[in-house]
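*Asks:* The residues making up each chain are set out below.
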Amino acid sequence: MGHNRRARQGGVMGKTVISIGPFHPLQEEPELFTLTVEGEKVVGIDLHLGYNHRGIEKLSESKTFDQSTFVIERICGICSTSHPFAYTRAVEDVIGVEEPERARYIRTIIAEGERIHSHLLWVGLAGHFLGYNTVYMWVWKLREEILDVMEMLSGNRNNYAMFKPGGVRRDIDPDVIPVALRKIDGILPTLDMLRKAILDDPVLHARLKGVGVLTREEAIAWCAVGPTSRASGVARDVRKDSPYAAYDRVPWKMITAQEGDVFAKAVVRIMELYESVAIVKECLKSLPGGPIDLDLKGVPPGEGIGVHEAPRGEVFHYVRSDGTNRPVRHKVRAPSFMNIPTCTSTVVGESISDASIILASVDPCYCCTERLAVRTPEGRRLYTGPDLVRLSQEQTRRLRKEMGL
Amino acid sequence: MKLPKLREVAEAVSALVHRPYTSSFPRVPHVANPKFRGQPKYDPDQCVGCLACEQVCPVEALGHRDEVSGGGGRRVLIHYSDTCIFCGCCEAACIADHRGIRLSTDWDLAFFDRKTESFETIEKELTLCESCGTVIACRDHLRWIAERLGELAFSSPTLYQSRLAALGIVDANIVAALRDQGRSDRMKILCARCRRQATLTTA
Chain X
0 MGHNRRARQG GVMGKTVISI GPFHPLQEEP ELFTLTVEGE KVVGIDLHLG
50 YNHRGIEKLS ESKTFDQSTF VIERICGICS TSHPFAYTRA VEDVIGVEEP
100 ERARYIRTII AEGERIHSHL LWVGLAGHFL GYNTVYMWVW KLREEILDVM
150 EMLSGNRNNY AMFKPGGVRR DIDPDVIPVA LRKIDGILPT LDMLRKAILD
200 DPVLHARLKG VGVLTREEAI AWCAVGPTSR ASGVARDVRK DSPYAAYDRV
250 PWKMITAQEG DVFAKAVVRI MELYESVAIV KECLKSLPGG PIDLDLKGVP
300 PGEGIGVHEA PRGEVFHYVR SDGTNRPVRH KVRAPSFMNI PTCTSTVVGE
350 SISDASIILA SVDPCYCCTE RLAVRTPEGR RLYTGPDLVR LSQEQTRRLR
400 KEMGL
Chain L
0 MKLPKLREVA EAVSALVHRP YTSSFPRVPH VANPKFRGQP KYDPDQCVGC
50 LACEQVCPVE ALGHRDEVSG GGGRRVLIHY SDTCIFCGCC EAACIADHRG
100 IRLSTDWDLA FFDRKTESFE TIEKELTLCE SCGTVIACRD HLRWIAERLG
150 ELAFSSPTLY QSRLAALGIV DANIVAALRD QGRSDRMKIL CARCRRQATL
200 TTA
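Chains X and L supply the protein sequences, listed in that same order. Under numbering that gives the first Met the number 0, the first sequence has 313 at position 314, and the numbering climbs by one with no breaks. Under numbering that gives the first Met the number 0, the second sequence has 17 at position 18, and the numbering climbs by one with no breaks.
Source of the hints: derived by calculation from the structure; they are not laboratory data. Predicted model only: the values in this text are computed from it and were never measured. One or more of the hints may lead you astray.
To be verified - Part of the chain L face toward chain X, derived, beta carbon under 7 angstroms:
1) R6
2) E7
3) E10
4) Y20
5) N32
6) K34
7) F35
8) R36
9) P57
10) C86
Claimed, not checked - Ranges between beta-carbon positions, derived for each pair:
11) L:D65 <-> X:G288: 42 to 50 angstroms
12) L:V75 <-> X:S241: 47 to 55 angstroms
13) X:R328 <-> L:F111: 42 to 50 angstroms
14) X:R328 <-> L:R195: 35 to 43 angstroms
Beta carbons are placed, not taken as given, at the ideal position from N, Cα and C, and that holds for glycine.
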């Protein structure tokens, strides 16, 4: 199938440089992809990180340990609870304490709710990129339900402000639990339908299978994390490897796939949705009593490490304390930092209409792909961001016609 | 295979017969979930003006201004709604049973003029040092401390005078007219500096 597409390109054409990026203020890590293309085939990719540096680490060092959680929460809008999760674990590591039992469950509920809406967002946008706008709309409708649940549990749809070193800030009201469970159950029939529709669709199989393959060896060599590595057969998940919060108290299984292509990444994310739904439901049902906060007084000198499996992979925080009420050093490593460079292995050799979905398959912020611009070496503009999305959608349409559907 | 799959048709038909999932905002106003964290609002009756909220606010969305004139003073507590992130730290830190400032479900914060509409204020009466006239604390805050300490408050004239004034036993507006630097200074409502001076230098 890949052969057909490449055969069509034919002819001798000059190399063209395409810039994707450089930044969008909503991204965790702004990035610039410079694709070199021959005709429609990508022959080289260059990657620049480090635009739009916001100085979050420095800002965090100027706030107290308690206030820092709110700065850290704003590193990313989608995984707004993953960073505080890793940060609070790092601070607890400095002190040498663990959060109370009830706080463990509440933390798990919030973190998994976030994973559900983050993966749903990805599935929807992937649908949009491939020209399946119905998937886009239906999945985002489901995501609204989850965001409503999060609003009931934490008071906001994003930026939950639930985490604090030593526990959580707010308790979950018992009256809300049945309503939340009903809402979560409510999305399952449509989710089932969508899962089957997406995984059975012959066009999607043709479009995504064998595209942007990241082999197991490459995944290990690039230190890929999260669904990106799990889709390549690297069974790594912080939640399983070194359990924390309530992850060892509720049953769930790690989802892996072997193929490493875009389809495998989609399958891993979709199947993880079900695991996350199961974790949230189980935690809500078996929420133990007791305090939700250790009421910590001060942080002793020392250093600590906190990790959490964010929707995109392992997020890592390092905190050093000198005994004052502010961190003297706070280092953040977000998962996309490890995942984005894998595009060097996955995009080269593919066609330009596949580039946007491959780059998107590691789930960086999609806004970057909206900022695509294709230029000839003389600086003439060939394609804009919307053009490339259109190219990607046309590719699906063409495939569908070829397959006689 | 050319036929649409039945399960998708079922969803499409149900989407067709159901009303739109989106709401008719702004024609139908949005009512936030009671759990929603919206604009924090002061309760002027509960707030004691202690500034604990200002201390903990991670984004410095809370401020205050002390206005002293003609022997009286008032503290203006300010909440900047354009800076606020609705984290609820102010409510959690509030010493008045978390009721001095509370998150509401008010989400509609659009305004036209940042200079006049981006903040909310309340005013609290200040207690001034009877000797030098500097600000000690809000009148309600001193009363709150005295109530919490109970009879222990009688170890501090500033506190018990505030308490007695609140109970109406002494005139709340009485201010010792003369700065006599004598032993009688010790019985006045004094700032920390004047208290030290009165205690150390008067025999």
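*Asks:* So, for every hint listed, does it hold in this structure?
*Replies:* To see whether the hints hold, each was checked on the structure:
{"no.": "1", "hint": "R6", "in the structure": "holds (5 angstroms)"}
{"no.": "2", "hint": "E7", "in the structure": "holds (6 angstroms)"}
{"no.": "3", "hint": "E10", "in the structure": "holds (6 angstroms)"}
{"no.": "4", "hint": "Y20", "in the structure": "holds (5 angstroms)"}
{"no.": "5", "hint": "N32", "in the structure": "holds (5 angstroms)"}
{"no.": "6", "hint": "K34", "in the structure": "holds (5 angstroms)"}
{"no.": "7", "hint": "F35", "in the structure": "holds (6 angstroms)"}
{"no.": "8", "hint": "R36", "in the structure": "holds (4 angstroms)"}
{"no.": "9", "hint": "P57", "in the structure": "holds (4 angstroms)"}
{"no.": "10", "hint": "C86", "in the structure": "holds (4 angstroms)"}
{"no.": "11", "hint": "L:D65 <-> X:G288: 42 to 50 angstroms", "in the structure": "holds (45 angstroms)"}
{"no.": "12", "hint": "L:V75 <-> X:S241: 47 to 55 angstroms", "in the structure": "holds (51 angstroms)"}
{"no.": "13", "hint": "X:R328 <-> L:F111: 42 to 50 angstroms", "in the structure": "holds (43 angstroms)"}
{"no.": "14", "hint": "X:R328 <-> L:R195: 35 to 43 angstroms", "in the structure": "holds (40 angstroms)"}
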